[in-house]
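Q: Note that the protein sequences, when read in sequence, are chains B and F. The numbering used here numbers the first residue of the first sequence as 1 and each following residue consecutively. The numbering used here numbers the first residue of the second sequence as 1 and each following residue consecutively.
Hints were generated in silico from the structure; no laboratory data involved. Quick caveat: nothing in here was measured; it's all calculated off a predicted structure. Keep in mind that the hints are not guaranteed to be accurate.
One-sided and incomplete, this derived list gives chain F residues near chain B with beta-carbon spacing under 10 Å [unchecked claim]: (1) S88; (2) E121; (3) N227.
Quick list of the computed label-pair ranges, beta carbon to beta carbon [what the hints assert, rightly or not]: (4) F/E54 <-> B/Y396: 48 to 58 Å; (5) F/T188 <-> B/D323: 55 to 65 Å; (6) B/G326 <-> F/A183: 46 to 56 Å; (7) F/Y140 <-> B/Y396: 19 to 29 Å; (8) F/A349 <-> B/T799: 33 to 43 Å; (9) B/T799 <-> F/T188: 38 to 48 Å.
Even for Gly, the Cβ is constructed at its ideal location relative to N, Cα and C.
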Amino acid sequence: MTKRIILAFAALLGAVALFAQEPTGGVKGTVVNRNGRQPVENARLLLMQGAAEIASVTSAQDGTFLIPALPDGSYTLVIEAPEFLESQVQVTVNDGYVKNMFNLSLTAVSQVAEVDDDSFAAFDLDDSGYSDNPTILFGSNDVFNSIAGYNFSSVRFRARGYSSESQEVYLAGVKLNDAITGYSPFSLWSGLNEAMRSKETVNGSEMSDFGFGGYNGLTNIFGTAGEVRKGLRGSVLTNSTLYRLRVMASYATGLQDNGWAFAANVSARLGGNDWIKGVYYRSFAYYLAADKVLNHANTLHFAFFGTPGERGAQNASTQEVYDLMGDNMYNDNWGYQNGRVRNSRVRKTHEPIALIKWDFKPSDKFEGSATVLYRFGKNGYTALDWYDAQDPRPDYYRNLPSYYYGTINGEYVEDLNRNNPDKYLAALNQWRYSDMYSNLTHLDWDRMYNVNRMQSSGRSRYVQEERRVDQRDLNLAFTFKARPSDVVTLNGGLSARINRTEYYKVLADLLGGEYFVNVDNFAERDFSTSPYKTQNDLNYYLINGSAEVLHVGDKYGYDYYAQVRNYNAWLSAKFVAGPFSATIAGRAGLESFWREGLVRKGLFPGLAPNGSKMVDPLTGETIEPTYEADGSVTTSYGKSKVARFFTYAGKANLNLVIGGNMRLYANVGYFNDAPKFNQVFLSPRTRNSMVSNLTTTKTFASDINWQFSGSGINVRATAYWTKIWDQSKVMSAYDDLQNAFSNFAISGINERHMGVELGFKIPTYIVPNLSLQGVLSLGEYVYTSTPTMTQTVDNSAETVMENVLVPYWTKTVLADGTVRQKHYVPSTPQTAASLGLSYNYNYWFIDADVEYFDRAYLDMNPLYRTDYAVAGLDNTITDEEVIYMTTQEKFKPAWLVNISVGKSWYIQRKYQIGFSLNVKNILNNKDVKTGGYEQTRMVDNTASKSRYYRFDSKYFYMAGTNYMLNIYFRF
Amino acid sequence: MKKYFIAIAALAAVVSCKSLKEEWDPVFTGKQPDAAWAVPYTEEQLQEQQGLEEITAIADLKAMYKNKPLPILGNIWIKGKVISSDQSGNIYNEIYIQDGKDANSGAAISLKLGKGSLYNEYPVGTWLYVKCTGLTLGAYNGMIQLGMAADETATNEYETSYINLQSIIESHVFRGFQDTAFAPVSLTEDALKKAITAGGSDNVWGKVVSLKGCVYGDQIFALFYPNSNMAHKSGNPENRVFLSDKGTWGVTTWSCTKDGYIGYLQDGCWDEAEVGSGATRYGSILGTPNQYLDADTAAKFGPDAYLTYKEIMIKYAAANYISHYFNLGSTSIQVRTSGYAKFAASQLAAGILDHQPVTITGIVTLYNGAAQISLVDDPSISVVFD
């Protein structure tokens, strides 16, 4: 890829030299694919002056063209190419010079692969410990990614089984993966498809010009004004799974003669959908950007964008609930308020980004760019909170028939100690006739308001909180490319990140009450005689003598800064010798993070600033600190210890081009990465305590690839083998028994990922313009180590379990050593295949594909894989218990059929209008699980008092037949 | 060009017309109108809508119980004023209601609703109408309660079960208007003795009473299960520890929170407590299951069998109830407080320990032929010096 650009560039430079003597003017440039910058061969370039056709040429294999011998004047250059949208630009020839248009980018006709990241972002359940973030495959320059990216997105496919944190996403040269979680940041620009369309992607451990990258590819989104398609564009889109309407407009001037380029993009996404009630959008997006070419060597880019808005979230539920409701898309987040649907979990965000980028190219042998990027604003997620009141969730386990008649796999199990036929039938009816009991099968807002209004004190029992994660993220990046000789190209860069993220809660709605109080509900139950222990903000209490009375907009609960500092330097050297090229690269960095508590939690008071114990002035009670395992005082207020990591990585690539169309290449890489902030702090909401035995994660990744591209044939085949060591993870799940978050810190997770990828698009040769296309991803992603687990509860200094082995993490193994089941890395099908036909003619495209997915597994809860859980109450491990407790659920295989059709028309060469219609899951397959998690609780109230039982797992399902219709036009 | 615009406009119209209100404003984010909240039921409404014909006195309902669970089949309704609150956490999962013109008349019964934070919806003084049809009348230690039919499980030992399910509660319990609360019934020692003699049928049981002149009896009673997860019924004496017959065992709080429980153990207050129950006594909690038990029984404790009972108790610590004995004249009364009560960790006032007479107010129940009081409110309100 990089090489092709270099070749194109070299050709261009050659052309400059060749035609420097030409006395008359002309126009030249390179036609490239907007997505991936690949040269476009055989594009027809038509030069018009008014209605008169002046000249017509075709682009060469490297995309270059030249229209010589032109008199001075203004022209219109129309560019047409098969499978691309027609494009036109204005060009002025002055003083007999050949005007260099540089890259003229074309957009592929099939805008099929427009995957909306919103369909992924909805799986963020911060109450369950489960999160599943998007991995979006980009790149029409890669046949595997372009087919898999679209067709596999609905099952949340992850390339090579890697987690989404490993996919590096850059904007304007700055790595923008979340500083705290590492998650890919697509939601920051969702709805700005036009502005962010232009991007470049590499796969696996390949090297990119924009950064060192990891082992799961790197995508750089250009995001600058000059990269936005020129002209005025608009589109109207409707779809049936996310929002009813998206309207979008963009305008870009392209580079003007005065050296300025401007671009703007706005959009709105509104409405509900056909599949998940309560999910809605009221999201907007804006983007403003300008480029200024200062001189031939220096260009400045400015951009400012944001996506203010809100959307209702979806929640997972158990199969029992789905079956009772007859709907696998049931969402327990919403309920009726005064007859209207209201969602309790609404994401409300506005996180603008401002960036300035300076590109400089002092000579043909050196170019560089420097970017300053700042992210700020708010990111909120509402949730219900309650004080001394019943759990309002409709599918709370005590509201379900299974609580009154205990079964496992449909069979009554006496040991579960649940058998009350009257209540079972009543519960069954309540769910089966959910229309009659909509106040019980959905949230009952009216009841919550009533309860609040019945309180003579005015103190709300139910409130809506907004959990805020507000980032201040300053990024500096510098990259350069130098060509000291014809055989060597150096790439390198420096980056710095200063991130301060504030986590806190805001009281969002009193739901009819008058106030709320900043105390810890759980602590109050246990320590009501020590009022200081119940304080969420002990300092406030010590000064004012009582807990803070809260009103809408007040901060409460917890409040802390996650501080992250990150400095990196990288360098790569590429050596070219004929058809061979080799690249070696290295990266070194320093990463540090710490927590800074902004409130003093009563349960973890620490000591006064002078080092002495504090005293509760009201009760005279000494405020006793709690202690860490190492004997130090547990603190909640102020700065924690700083976790520091030295990180480094190395990569090597070998590349052989055979006969112009074929490429054989291999990559290896070793990465030593710091854990993320959220993998380091045990209970950051309440205290500064860190996971013990912190270490870096090590990864060895290797792949070998064969690629063929030519004569309309595109094939890539890859084999990969990757080993990851010492991963850690903190899962936080809301435990309604404790009325608090329970935290599971797991460390020492090793994984091995290996498999093959194949992608191809081949003309059928029977029917013109009809191609056969397909992808196959066959992998084995397994756990290879026995990790350890530490369990803590937010509201207690005690460690529930400390560094307990999780012996059944990698497999279900019986007492005699028989391996009953191997356990797999979850949340993506390990077998995924697609086969289809693609027809493309005269601006029509039709794609029809059949998909097959298998070997997807449910996310595992470490607790169920401990001896403690397996042994049960009688402390005896039996094979039956091992099988029951530790088996990992494998999802059923699924077949899907997708069809896309589209066409665009040109009107008087001035306007363009087109549509694309994508219909997914035509078989209306409604029982495809796309994810889920195991709950972290166990049934212990059994008859035999000998064993534990699991709580039912919760799942997400894919929507049945759904469509997306996009109508776009250009003036 | 025009026709394309028309086509786009038409399409946009089709897309948007489905139901503008529903589609573009699919969720409610505004304010709840003031009027939209539950109005209490009147008897007339219940007659029209729910088939109420006649109100049965609670005393008459309780009289229907004849030593075995009674599923109520006929159209029987009772009404009563809420007299208990679970706000302090000492009474939970149930509410007591009482009928009659005043506190002294009528009778009280416990409704086993099986939910927490009931005081939010059923504050003291609220009239409740209860459609008894489909519910079950049963007794627990002589106290008659209204709940659902008992669980049909092998381990069940109760005559009724909690109602639990909101749809059953909503079709049986109807909230009437909010009235002033009944005053506590003042009970003399003589009246109390008379009620104890009369047994479960006396109408005082379940009411809120005030007992004037109570003096601390310097004795407590508690039963602990060293590993609360393991079987701990009377057939498992190896997992039972009683605190009785030896004064107060160092307990100075109304009950035992989890922290309190650990604290008393660590302070050695209970070191002399014996493992076992009934005639089976093993030895003090400073011994281990391995020492006391046969191999099979000790094995139930797994690796914990090597720990002392005291260590096991600390490992599986949980909040636990405590009963404090008071004397009203010559009659002994237990004040039983849950370890989950918010005042569980409150100290008994110094004057109480010094045997100053107090008036105790709470729900009076009959437990194994003795009077037992459950404080409804914090002791600062419910236990006052005379």
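Q: Indicate, hint by hint, whether the structure satisfies it.
A: Here is how each hint holds up against the structure:
no.: 1; hint: S88; result: 9 Å, holds
no.: 2; hint: E121; result: 6 Å, holds
no.: 3; hint: N227; result: 8 Å, holds
no.: 4; hint: F/E54 <-> B/Y396: 48 to 58 Å; result: 37 Å, violated
no.: 5; hint: F/T188 <-> B/D323: 55 to 65 Å; result: 60 Å, holds
no.: 6; hint: B/G326 <-> F/A183: 46 to 56 Å; result: 53 Å, holds
no.: 7; hint: F/Y140 <-> B/Y396: 19 to 29 Å; result: 26 Å, holds
no.: 8; hint: F/A349 <-> B/T799: 33 to 43 Å; result: 36 Å, holds
no.: 9; hint: B/T799 <-> F/T188: 38 to 48 Å; result: 54 Å, violated
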